[in-house]
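Protein chains in written order, with this note's numbering: chain G, 1 to 538; chain X, 539 to 733.
By construction, these hints were calculated from the structure, which means they are not laboratory data.
In this text the structure is predicted, and so the values were computed from the model without any measurement.
Just so you know, even glycine gets a beta-carbon here, dropped at the ideal spot from N, CA and C.
Take these hints with a grain of salt, some might be off.
Reference listing, derived: stretches of chain X covered by chain G, where coverage requires no fewer than 3 residues with Cβ under 8 Å from a Cβ of chain G [claimed, not checked]: (1) 672-686; (2) 704-714.
Below, a sample of chain G positions facing chain X; criterion: calculated Cβ distance under 8 Å [said to hold, decoys possible]: (3) L57; (4) P68; (5) V79; (6) T83; (7) A84; (8) T88; (9) G251.
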Amino acid sequence: MTDTNQILGIVVSGSVEKGVDIRLDNQSSVEDMVVGRYVTIEGKKRRFFGMITDISLGVTDEAIMEIPPDTADLFTAEVLAGTATYGTLHVLPMLTIGRDVASAVESPQPVKTVPSHFSRVSLASEQDMELVFGKEDTQRFWIGNPLDMETKLCLNLEELVKRSNGIFGKSGTGKTFLTRLLLIGMLQKSKAVNLIFDMHNEYGWEGSSESGGRKVKALKQFFPEKVAVFTLDEENSKRRGVSTDFTVRIGFDEIDPEDIALLRQTLNLTEPATEAVYQLRRRFGKDWMQKTLDLSDSEETKNLLQQMNIHESTFQNLRRGLATIRRLPFIVPHASVDAVKSILEYIDRGINVVLEFGRYRDITAYVLVANMLARRIYNRYQEKMEASMAGNVAPPTPLVITIEEAHKFLNREVANYTIFGTIAREMRKYNVTLLVIDQRPSAIDEEVMSQLGTKITCLLDNEKDVDSVLAGVSGKNELKTVLARLAPKQQAMMFGHAVLMPVSFQVREWGSQQSYKEFARGNVSKQQTEKDIKELFG
Amino acid sequence: MDNKIGEVIESTTTGFIAEAYELYNLPPFGGLVKIVEPSTEIYGIVSQAGTASIEPGRRPIARGKDAASEEAVYQTSPQLMKLLRSEFSVLVIGYAHNGQIYQYLPPKPVRIHAFVHSCSGDEVKRFSQSFDFLGLLVAANAQVPTEELIAAVLREMSRVQNDPRVFLITTGKFLTTLLSGDYRQLRAILGRLRA
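This is chain G alone, in the form it adopts within the complex (with noise of 0.2 Å):
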């Protein structure tokens, strides 16, 4: 590793909109820099930081390139570097702190100038990062490392969860390895109670790891207390082993119909068809699903479709669509305990719910039980919130509703019908935000990625993907280049509203012992203190 303090150039040219170019001086040599890394500028009045963006090479002279010296002539070679050919480093500056003392106390400003020619430039130190991200503390949670240096890369999740938030990447990049980081981060350090949509099994007991499907610790093992499972698939979440806390029954007349609306693509429904549901729903009330799947192929049955101007073919392909639903074990005719006040009661304490769907890993079930659940918790959680702006009630407990596959909840289509559009939109006004986990963030609405508050994006290598989630941020072409290099596993990059700067890190070890205990901390100090407080006062 380069020594931090060593000077790596100066500033030659640039501008605020492009960033600036720096020239390498003779002892750096290019291949010791990498895209992604931090470095600070010392200007006359301020320091500023910045992320290299690209790294290029240059010739004083064009002849050199016409006749280049020998490859054997290395005394040429070696004469010529750092002098007629040069390296350059392409830095997007980002923030700034003063230099006197009254602006040194002051965190660090977002850029709105370049530094001065010839200003110094050096790697950014381990202070220095910790002067930006913070130091880990009862809210800022250790997520990971700054690309090729040894600081702790902090998150501020008090200030994460106040926004909905999205995690990026195609498919085996380790999005649920740092979903699963970032869930233990709001558990010890946020206010914030959970409700994770879990649709591979992967978040509440344990998980599995891509490389040799060995078995990693989740959730409830290291908040026991916390955390409670519920699951829609009983049996096997008993043949993983796995104690639930509570099995979701949905009864028909749980469904409405914006869930079929929602489901018109992937039951394969007509325009007209989802329009008779609604039809259905004013002709037969709460019952309309078992009472629309019991109408027999009668007289009488015509007679009624036409009354309520319902062709024949639409109805035929409502009602596969409806029996496809119907197949789905954990659609009973009527639910008898209601999963949706069981999940509301547990969230209430302070307990976070993940909820498995077992076998049911298709996704009409998740689209179906996601959005149902979540319009029906949301709609609560907005009671409550005016019942405490008119009354003196406390506000309800923030919540954070994980989703998986997003673009199916919010892609242009459906955006506007889902309670997810709805929740992404109006972020945090009724207490409730999205932890938003995709692989295709193109297919997701535009206005719904411009309302997320933090990306966190591995790596995405289609074009279109990496423009939505980059969509609006500054210096979105520099921070490409950087996104398009992030390691397949295990390297993020972040940005948005709870970090002052994008960053690429190195997401923070799951799996190991050590990685276990440190997860598990936050919890054991609130046991001892309990019992310290037993101790103390009977």
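Assemble the complex: chain G is given as a structure, and chain X must be docked to it using the hints.
Just chain X, lined up with the frame of chain G:
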């Protein structure tokens, strides 16, 4: 001083011509020489050297047809040693005043009959701590090609350095900035420096 090698016979601001005290006893091409004046030393680089007849109009004639060797020619005609003389041209590249070295042209040209001394290794080392003199050489109107001259100077100087390769690379880098508009000349010089 026993390293006295010649005497100035023609002088200008940019350089001088000296006659060697002994025939053929010339300093090397590109070598550093100096002239000692009270409180001032003037440094120069040997840029050209030669031997010819004392009288410009009278060329020597070939004499060795029947001689066994070249030495025999001189032995049989001892007057030759007096009729011929060796001269060398020097480009002034700096001076020292009260011990401080300045690598630019001195205020006054050297005087005729001033003694020319060759420089010791330590003197060369001391003078070559800075490379500004290369600017004078690049701009000099020498009778030999500039790249030949500069390469010769650097080779000569590198010989006495602790690490000749490092010296050549450092001076090479200096030259690169100096000759930034003339890559071909730079290549020509570097090509002559390679060990």
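Violations among the numbered hints: 1, 3, 4, 8, 9
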